[in-house]
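Colleague: All chains should be built: construct the whole structure from the sequences, respecting the hints.
Take 1 as the starting number for the sequence shown in this note's numbering and just add one per residue.
It is possible that part of the hints are untrue.
[To be verified] Here are the simulated distance ranges between beta carbons:
| hint | residue 1 | residue 2 | range |
| --- | --- | --- | --- |
| 1 | V447 | P357 | 21 to 27 Å |
| 2 | A282 | G158 | 24 to 30 Å |
| 3 | L82 | P462 | 52 to 58 Å |
[To be verified] Capping the alpha-carbon separation at 20 Å, the derived lysine to aspartate or glutamate pairs in DMTMM-like fashion look like this:
| hint | residue 1 | residue 2 |
| --- | --- | --- |
| 4 | K206 | D196 |
| 5 | K3 | D14 |
| 6 | K218 | D157 |
| 7 | K388 | E325 |
| 8 | K3 | E358 |
| 9 | K218 | D196 |
Rather than coming from a laboratory, the hints here were simulated on the basis of the structure. All values derive from a computational prediction rather than experimental measurement. In this text, a Cβ means the ideal position worked out from N, Cα and C, and glycines have one as well.
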Amino acid sequence: MSKNFAAISQSIVDAIGGPQNVAAVTHCMTRLRFVLNDESAVDAATLKAITGVMGVVRNEKQCQVIIGNNVSQAYAEVLKLLPEGFSASDNDAPVKNKITLKRIGSGILDALIGTMSPLIPAIIGGSMVKLLAMILDMTGVFEKGASTLVILNTIGDGAFFFLPVMVAASAAVKFKTNMSLAIAIAGILVHPAFIDLMAKAAQGQKVEFIGISVTAVKYTYTVIPALCMTWLLSYIEKWVDRITPVVTKNFLKPMLIMLIAAPIAIMLIGPLGIWIGTGISAVVYTVHSYLGWLSVAIMGAAWPLLVMTGMHRVFTPTIIQTIAETGKEGMVMPSEIGANLSLGGSSLAVAWRTKNPELRQTALAAAASAIVAGISEPALYGVALRLKRPLIACLISGFICGGVAGLGGLASHSMASPGLFTSVQFFDPSNPMSIVWVAGVMVLAVVISFFTTLLLGFEDIPVETVTPKETKMAEPAASTAFAVSQSAVK
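Modeller: Laid out in structure tokens, this is it:
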């Protein structure tokens, strides 16, 4: 059923305090993310009752309204309601809070999520094009080394090779610093001359800058170095702005910023970022090497909970780096197969059992999104979390299917969200049985979650009280769910 996103967006903006209360707004795959001037102006009851709103996630920095796969349409309508000249890219208004370990951790995660979320379409698009090139090469459609394959691989690899540049651009928006300077400094790290210099350093040749040794590091396909560099740039820019005379700002300020920030990035922040990223990857895959299939099973059960808190984005740099280095990723991505399709199967069970036509429609749409496209948030927020017991069924099914995926040795060559259309990313040319394994896991996930949901039952929502509930959680802090009134389904 077609939705009137103009009306939905108008209702949302009214419920959050009107256009004047919006400091910034952006969106990810399924959510509108508002930064508000006054959190107390939000009418939570009205916001959660808006038809078309699947849920609400609130933390001390953002009010996130879950729309689903059509979020871009709602976002476009929201922008029309905001004052002329409003910058949708503006980020969190500065708020002075007491510094605590919890707040530091929250800030780091918020920076990572805020930076990576806008880049996901380019990363997924590139990885799927690379996968297409691999399949065409494997099936012999083109000769080995054919220019068409080379160009396809280049198209797919562009988003990864220049990932530091994309990260710098996105992080510049997040940290409110000059984007062109951030891109210029990140560009140094992937400049052909610098890459060649780093290759020589890796072979033992001495490389120095003003007498200081430069560590041999490869920055292509990386996230953390550019992210850290742009964060530091935001402070360097403010400091340089204070010390430069007004008459020299247009040329001296950018020159000083480049001369200060670039060497720091090359000699300190860059290598430090690489070590941090490598350390995180080492921890994750050391656990995988010790626990084997069990680690995939645990991740499969935990994945919906990680999505609820936003913690799933923590694994994005690790997945990218692992695929870049080895060509595949065998822990996080395989666990998502069972997690995503379990949410779809559970939603199908709810659609089968419920007596509520609106809930049935919501569940069917959510199931299609999770199973076909691998976008699970509509099923998670619109069905599973809303009714509680279906979420338990999904956790059980995710654990079982994650274990099966681990036993089958499934690994992804891309980082597209696993679903029916993207399942080809798990095909291994050297192991034709991988097709059977991934198909088996997908079917198993839908079947187990479907029947487990029916077995556990759920509290149906009476027709007269159907309203999407609000889920108030800290992202990444712990979550608190608010349930709507319900009647038992036996």
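Colleague: Hinted pair, alpha-carbon criterion (20 Å max): K206, D196. Please report holds or violated.
Modeller: Answer holds: K206 to D196 is near 13 Å, not above 20 Å.
Colleague: Hey, K218 versus D196, does the alpha-carbon distance stay inside 20 Å?
Modeller: At roughly 10 Å apart (the allowed maximum being 20 Å), D196 and K218 satisfy the hint.
Colleague: Starting from K3, check that the Cα of E358 is at most 20 Å away, please.
Modeller: 14 Å, holds
Colleague: Indicate whether the distance between the beta carbons of L82 and P462 respects the range 52 to 58 Å.
Modeller: This hint is violated: roughly 37 Å between Cβ atoms.
Colleague: For a C-alpha distance cap of 20 Å, please report whether K3 and D14 respect it.
Modeller: 18 Å, holds
Colleague: Evaluate the given range 21 to 27 Å for the C-beta pair formed by V447 and P357.
Modeller: For V447 and P357 the Cβ distance comes to about 25 Å; the hint holds.
Colleague: Taking the beta carbons of A282 and G158, is their distance inside 24 to 30 Å?
Modeller: 28 Å, holds
Colleague: Would you check the hint for K218 and D157, treating anything up to 20 Å between C-alpha atoms as holding?
Modeller: Holds - the C-alpha atoms of D157 and K218 are around 16 Å apart, at most 20 Å.
Colleague: Check whether the Cα positions of K388 and E325 lie no farther apart than 20 Å.
Modeller: 40 Å, violated
Taken one by one, the earlier hints fail for this structure at numbers 3 and 7, listed in ascending order.
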